[in-house]
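S.K.: Protein sequence lines, in the order shown, are assigned to chains D and G.
If you count the first sequence from 1, position 311 lands on 311 in my numbering, and the numbers rise without skipping.
Positions in the second sequence are counted from 1; adding 312 to them yields my numbering.
Keep in mind that the hints are not guaranteed to be accurate.
Straight-line C-alpha distance at most 25 Å; calculated SDA-like pairs for lysine to any residue [said to hold, decoys possible]:
| # | chain 1 | residue 1 | chain 2 | residue 2 |
| --- | --- | --- | --- | --- |
| 1 | D | K16 | D | V105 |
| 2 | D | K150 | G | I465 |
| 3 | D | K150 | G | L467 |
According to the in silico footprint, chain G covers these stretches of chain D (three or more CB under 8 Å from chain G) [claimed, not checked]:
| # | region |
| --- | --- |
| 4 | 146 to 157 |
| 5 | 227 to 237 |
What the hints contain is simulated information worked out from the structure, not anything from laboratory work.
In this text the structure is predicted, and so the values were computed from the model without any measurement.
All C-beta atoms, glycine included, are put in the ideal place defined by N, C-alpha and C.
There are 2 protein chains.
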Amino acid sequence: MAKEKLYGGIEAGGTKFVCCVASGPSHIIEEVRFATTTPDETLKKAVQFFERYVSAGQIKTIGVGCFGPLDLSPHSATYGFITATPKPHWSNADVRGTLQRSLNVKIAFDSDVNTAAVGESIWGASRGCDPSLYLTIGTGIGGGYIKDGKPLIGLLNLEMGHIRIPHSRELDPFEGSCPFHGDCFEGLASGSAIEKRLGVRGTIIPEHDAFWELEVDYIASALMNYILTLSPKKIILGGGVMQREFLFPKVRNRVLELLNGYVSSKTLLEHIDEYIVPPGLGNQSLPCNWKNQPTTLDSDRESLLIYIFPAT
Amino acid sequence: MAKEKLYGGIEAGGTKFVCCVASGPSHIIEEVRFATTTPDETLKKAVQFFERYVSAGQIKTIGVGCFGPLDLSPHSATYGFITATPKPHWSNADVRGTLQRSLNVKIAFDSDVNTAAVGESIWGASRGCDPSLYLTIGTGIGGGYIKDGKPLIGLLNLEMGHIRIPHSRELDPFEGSCPFHGDCFEGLASGSAIEKRLGVRGTIIPEHDAFWELEVDYIASALMNYILTLSPKKIILGGGVMQREFLFPKVRNRVLELLNGYVSSKTLLEHIDEYIVPPGLGNQSLPCNWKNQPTTLDSDRESLLIYIFPAT
Chain D
1 MAKEKLYGGI EAGGTKFVCC VASGPSHIIE EVRFATTTPD ETLKKAVQFF
51 ERYVSAGQIK TIGVGCFGPL DLSPHSATYG FITATPKPHW SNADVRGTLQ
101 RSLNVKIAFD SDVNTAAVGE SIWGASRGCD PSLYLTIGTG IGGGYIKDGK
151 PLIGLLNLEM GHIRIPHSRE LDPFEGSCPF HGDCFEGLAS GSAIEKRLGV
201 RGTIIPEHDA FWELEVDYIA SALMNYILTL SPKKIILGGG VMQREFLFPK
251 VRNRVLELLN GYVSSKTLLE HIDEYIVPPG LGNQSLPCNW KNQPTTLDSD
301 RESLLIYIFP AT
Chain G
313 MAKEKLYGGI EAGGTKFVCC VASGPSHIIE EVRFATTTPD ETLKKAVQFF
363 ERYVSAGQIK TIGVGCFGPL DLSPHSATYG FITATPKPHW SNADVRGTLQ
413 RSLNVKIAFD SDVNTAAVGE SIWGASRGCD PSLYLTIGTG IGGGYIKDGK
463 PLIGLLNLEM GHIRIPHSRE LDPFEGSCPF HGDCFEGLAS GSAIEKRLGV
513 RGTIIPEHDA FWELEVDYIA SALMNYILTL SPKKIILGGG VMQREFLFPK
563 VRNRVLELLN GYVSSKTLLE HIDEYIVPPG LGNQSLPCNW KNQPTTLDSD
613 RESLLIYIFP AT
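Model the full structure from these sequences, guided by the hints.
M.R.: Shown next, in the form of structure tokens:
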């Protein structure tokens, strides 16, 4: 047992951390969850969880899918840092470096949405579709774009949740919840925005409430922009807000209305129900071996995909 | 002379066609320009221009950079067609096929903005920057995104000029000029939109006219969306509207205001004057040998880059 080959994985979310150790597909050895408080406290808990596996020589690499915004440029002095986040205490937190120095193992590091996007493209709803887009509409809104099998990272990590979209203050006087941009897409349509606007969580707003027409319009506007800019072959909508399944047909119809026949693609015009879809992995998360086989685990978030490289 | 190795190139624009034959860098043998009327008449003129070079065996390939929207999927039955365009007579025009059948040579076909984007990335302002974005703000608005040296084409060709952006009808009651989307980015900020809104061409609107604040806001909103979605390492703004050079500093400042420190990139925060730039090729066009050396020609449009493959 002491010599069994194990992989470590962390879903570093803005609300909670999930840490696990696994030996293979469907074989979780141990899993732990705790609230995301301060970086010091939270990362220390993660380190404590992995420490004995590391000292036993069982874990040589830990994969981390982290909330953002992040610096994901490997040559940057702040590679693996969270940059300017509304989440208190976490701006400029050195997540990757702290784990690396404390545990002295290789840390495979990417954003939570990029890991989910990769997972969906390998085993999920966007398998065989390249380029593809994974969007999570939850507490925040983030997107991962897979091109040639890899998450797109250019000058900086994608932050497509913060795009500017039309907002009629007549129909929706809410000023937006984003501390950086007010009424950007995330500021208008995220779970936090819904709660701040209406005083209740989106989960309990009835299906026929007029609010959903606004929400659908914001989501469809953003999707139209992504379609015209990124041209994905599949769009996956995950996250808490999209667990309200009645939103899917409404969003699809509104996207078609907005595009208004400008793009003549059969995929869009005739098969949009197969084009804008829920995550194929559902609520199953995927601590995976990035270069080899996946290690499938159960979890409560569709967006948990943890890079686990082979121990070297 | 009859055996000299020549290349053919067409800038198929919505206003005019430019056809040329060249033997090498700065060696234009012949060039002709004519108005874009109906597909029949316009393509016939292009064919007539090239015919004698083709029959003499001097031209085996013609590169075409064409206005859109286009079907650019090589496996599609309508590959090389213009799809749904506001330009009368040109919806469903088979530009590539007509040229190919009439001249029986290889046609290298891409959009006008993709050719310009490639040219800028090889010899122009975005050389060494990958991914990069070339945006033309002229009669219409279109963008080409270069990733790994090639124009991004996914499900369909990018049509990022038609994204939805905020539009305050209080500040700007203009309903937008896009026949498909009304007040999309192109419908609000293109040269046609300016002229339709104000009754005069943008070229004669004074620099201190209050209108430009609106225009700057629209352009900056779109750029913010592209930055957060595509993360280019360089953004080139070409086209007639951007020949009003005073717009550049205003657009840069507004982009920084809108981003509001959310992305912490030195390139953006400290060097935005080198990040959002005019075309490096200026008004010089580039009929080029796609796989070998460029053939530089003079022209009056910065966006003319013609693919000219080696005769095979």
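S.K.: Could you run down the list of hints and mark each one as holding or not?
M.R.: Each hint, compared with the structure:
Straight-line distance between C-alpha atoms of K16/D and V105/D comes to about 22 Å, which keeps the hinted pair within the 25 Å bound. Note on K150/D and I465/G: the hinted pairing holds, with a Cα-Cα distance of about 16 Å set against a maximum of 25 Å. Between K150/D and L467/G the CA atoms are separated by roughly 17 Å; this keeps the pair inside 25 Å, and the hint holds. Given a C-beta distance limit of less than 8 Å, the hint that chain G covers the region 146 to 157 of chain D holds, as 8 residues qualify and 3 suffice.
Residue count for the region 227 to 237 of chain D with a Cβ under 8 Å from a Cβ of chain G: 7. That meets the three needed, and the coverage hint holds.
Violated hints are absent here; each numbered hint is respected by the structure.
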